[in-house]
Amino acid sequence: MSHRYPVRMNRRLFLSSVAMLTVTATSPSFARSLSGSLPWAPMASDPPMQVLPGGWQFFTPQEAALVEAIVDRIIPADDLSIGGKEAGCAVYIDRQLTGAFGTSSRLYTQGPFLPALPTQGYQGEANPAQRYRTGLAAIDSFLKQRDGKSFAELQPTEQDAFLTAMEAGKVELPNGVKSSGFFGLLLQNTMEGFFADPVYGGNKDMVSWRMLGFPGARYDYRDHVSKHNQPYPQPPVSIEGRPEWLRKGA
Amino acid sequence: MKKFVFTMVIGATALTVGPAMSADQADQIMRGQYQAVLGDCAGCHNQPGGKPLAGGLPLETPFGTLVAPNITPDRTTGIGNWTETDFHNAMKTGIGHNGVRLYPAMPYPAYTRMNDRDISDLWAYLTTVEPVSNKVEANRLPFPLNIRLAMLGWNALNFTEEAFKPDPAKSAEWNRGAYIVQGPGHCGTCHTPKSFLGADKDSGFLQGASLQGWFAPDITGNAQSGLGKWSEGDLVRYLKTGVNAHSIASGPMAEAVENSTSKMTDPDLKAVAVYLKSLSPDPGNTQPAKPDEARMATGEAIYRDNCSACHGGDGDGAGELFPALAGNSIVAQGNTETLARVVLAGSQAVHTTHAPTTPAMPSLAWRLKDQEIADVLTYVRGSWGNNAPAVSSGDVAAVRKQLLP
Numbered sequence: 001m002s003h004r005y006p007v008r009m010n011r012r013l014f015l016s017s018v019a020m021l022t023v024t025a026t027s028p029s030f031a032r033s034l035s036g037s038l039p040w041a042p043m044a045s046d047p048p049m050q051v052l053p054g055g056w057q058f059f060t061p062q063e064a065a066l067v068e069a070i071v072d073r074i075i076p077a078d079d080l081s082i083g084g085k086e087a088g089c090a091v092y093i094d095r096q097l098t099g100a101f102g103t104s105s106r107l108y109t110q111g112p113f114l115p116a117l118p119t120q121g122y123q124g125e126a127n128p129a130q131r132y133r134t135g136l137a138a139i140d141s142f143l144k145q146r147d148g149k150s151f152a153e154l155q156p157t158e159q160d161a162f163l164t165a166m167e168a169g170k171v172e173l174p175n176g177v178k179s180s181g182f183f184g185l186l187l188q189n190t191m192e193g194f195f196a197d198p199v200y201g202g203n204k205d206m207v208s209w210r211m212l213g214f215p216g217a218r219y220d221y222r223d224h225v226s227k228h229n230q231p232y233p234q235p236p237v238s239i240e241g242r243p244e245w246l247r248k249g250a
Numbered sequence: 001m002k003k004f005v006f007t008m009v010i011g012a013t014a015l016t017v018g019p020a021m022s023a024d025q026a027d028q029i030m031r032g033q034y035q036a037v038l039g040d041c042a043g044c045h046n047q048p049g050g051k052p053l054a055g056g057l058p059l060e061t062p063f064g065t066l067v068a069p070n071i072t073p074d075r076t077t078g079i080g081n082w083t084e085t086d087f088h089n090a091m092k093t094g095i096g097h098n099g100v101r102l103y104p105a106m107p108y109p110a111y112t113r114m115n116d117r118d119i120s121d122l123w124a125y126l127t128t129v130e131p132v133s134n135k136v137e138a139n140r141l142p143f144p145l146n147i148r149l150a151m152l153g154w155n156a157l158n159f160t161e162e163a164f165k166p167d168p169a170k171s172a173e174w175n176r177g178a179y180i181v182q183g184p185g186h187c188g189t190c191h192t193p194k195s196f197l198g199a200d201k202d203s204g205f206l207q208g209a210s211l212q213g214w215f216a217p218d219i220t221g222n223a224q225s226g227l228g229k230w231s232e233g234d235l236v237r238y239l240k241t242g243v244n245a246h247s248i249a250s251g252p253m254a255e256a257v258e259n260s261t262s263k264m265t266d267p268d269l270k271a272v273a274v275y276l277k278s279l280s281p282d283p284g285n286t287q288p289a290k291p292d293e294a295r296m297a298t299g300e301a302i303y304r305d306n307c308s309a310c311h312g313g314d315g316d317g318a319g320e321l322f323p324a325l326a327g328n329s330i331v332a333q334g335n336t337e338t339l340a341r342v343v344l345a346g347s348q349a350v351h352t353t354h355a356p357t358t359p360a361m362p363s364l365a366w367r368l369k370d371q372e373i374a375d376v377l378t379y380v381r382g383s384w385g386n387n388a389p390a391v392s393s394g395d396v397a398a399v400r401k402q403l404l405p
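Each protein sequence line maps, in turn, to chains A and B.
Mind the numbering: the first sequence is residues 1 to 250 in our numbering, read in order.
Mind the numbering: the second sequence is residues 1 to 405 in our numbering, read in order.
Wrong hints could be hidden among the right ones.
Unchecked claim - List time: in silico SDA-like cross-link candidates among lysine to any residue, alpha-carbon distance up to 20 Å:
#1 A:248 x B:263
#2 B:401 x A:199
#3 B:401 x A:42
#4 B:369 x A:42
#5 B:369 x A:35
#6 A:227 x B:314
#7 B:401 x A:243
#8 A:227 x B:367
#9 B:369 x A:242
#10 A:248 x B:364
#11 A:248 x B:356
#12 B:369 x A:199
#13 A:248 x B:314
#14 A:248 x B:300
#15 B:263 x B:369
#16 B:369 x A:233
#17 B:401 x A:45
#18 B:135 x A:199
#19 B:369 x A:50
#20 A:248 x B:125
#21 B:263 x A:35
Derived from the structure by calculation, the hints contain no laboratory data.
From a predicted model like this one, the values you see are computed outputs, not experimental measurements.
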């Protein structure tokens, strides 16, 4: 089975990593002891910034049109909910790509870049912002060449067929873009935009939470745990609040 | 031989330190140290992280800034040149060494009721504190208040030197409590409403007052806003640990609990409780509050989403961790400064050896607008048997401005 692991754990590597771990864990700056009150400061908060729709911060207008068309096929408007475009999924992705997610600034991003197992996720060198830039351009040039149209100009059934082929890895996109991998990224981020808190730009008016009956940013259900087989009565609430009590102005 | 050398060393040490102390003196110093606890000297004269009694933090009064001076026996920057008579005069009349007039931020209007023996004991203790050289510029008041002689006029209008008068009709315990509350404990310095000159309004004794951005609540027997629902045991537990089933000390009271009441003896705490419980409430506001229904509905929605996780769906809290809001006297004060402040800035419970957990409330200033805070406070003040008037967004805005100038 050892051939499946890109880096084989040999004895030397094992010993050096154990040594490294020991040094880190016993270093005196690793922990500090507290006595008396726990650290606390008034007015302390670190809330996420409310994403405001309007304008694109990462996408060009052409990229935005393509992403909006794709998210609207991944989550089409139907009698369950509005579509991904109206729910703000493209806005969510745009804002995420300008932040820590887009630049992978909180991840280890140095080599070695080895082929990954399907269960290991993306292991390449490009960060999500770079993957969107090249991936969207690749889709555009592929469709221009094949159909003479942009994705948004295709019929919904044609769009679905193209996305299905992408997901199956059956589209040979230019510039070495792996179609199944890029589709996976689009699918993942579209779902995040649709189901994450509206504060991040998607899930407009908590549409997905209302659809599912998910109560949102609540964290105590003691009054309800023993009420079996009764629906939870409270409507969803986002980090920003909910329309029933949000007041205009200061 | 070993033992003999040891004794010699001890003897030599005693000789170099000073004349051997008699048992009587030691007792007096111990009693004096306890007087410093009762009087909460540390509350003002200690700076966090500083040497004991070497001078405190700036005290923001409505009239300007005063800093509690260095009261260690240092000769140049402390009170090392004072005589015991100087100290008696300062405590009883507000006139210190060389006739310098103290500002009544030093609670001599309360300390005047202390008896001579307690003041002598306190003096005996203060002379044993480590002398610290720390020059404090105490008087940072604006002109003309910075002229100390102005206190001559203030005293003529607002101050009478008087000893504590025991009430022979009451028990010894009650009288002990009255003495601590009115004298060394100087509870009224924070809890009694002030006149425009900053003097206690005796008619409102302990009915609550605003200071330093907090409202020191009513501690009379009022059933809504005072201690009417608290048993003597509740009161003792609060003063000893900073927390009981009704309330958790925070803000300036947290400091008073930490430095003073948590170190008082159980019989003294019981006496304080007996006395406070005997104070008859202001019969004033018994009109049921009739808050606007729409605001109550909005307030309830805000409460469900922001407060109920800790304070309970019915305001019943969670033991001594999260205070109940139903029947909570802090909720029912006439002045809502503390309430608005706690919602905006959050608050941390006092740390005492008996209650070391220090649960804290998070700041909600980022999430709730002034109007929303006013709505939820109106709901809390008018629900579950609480019966206090509505809160306006202007009240909240004023506190927010103080916190975020």
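* **Hints breached by this structure** => When the structure is compared with the hints, numbers 1, 2, 5, 7, 8, 11, 13, 15, 16, 18 and 20 turn out to be violated.
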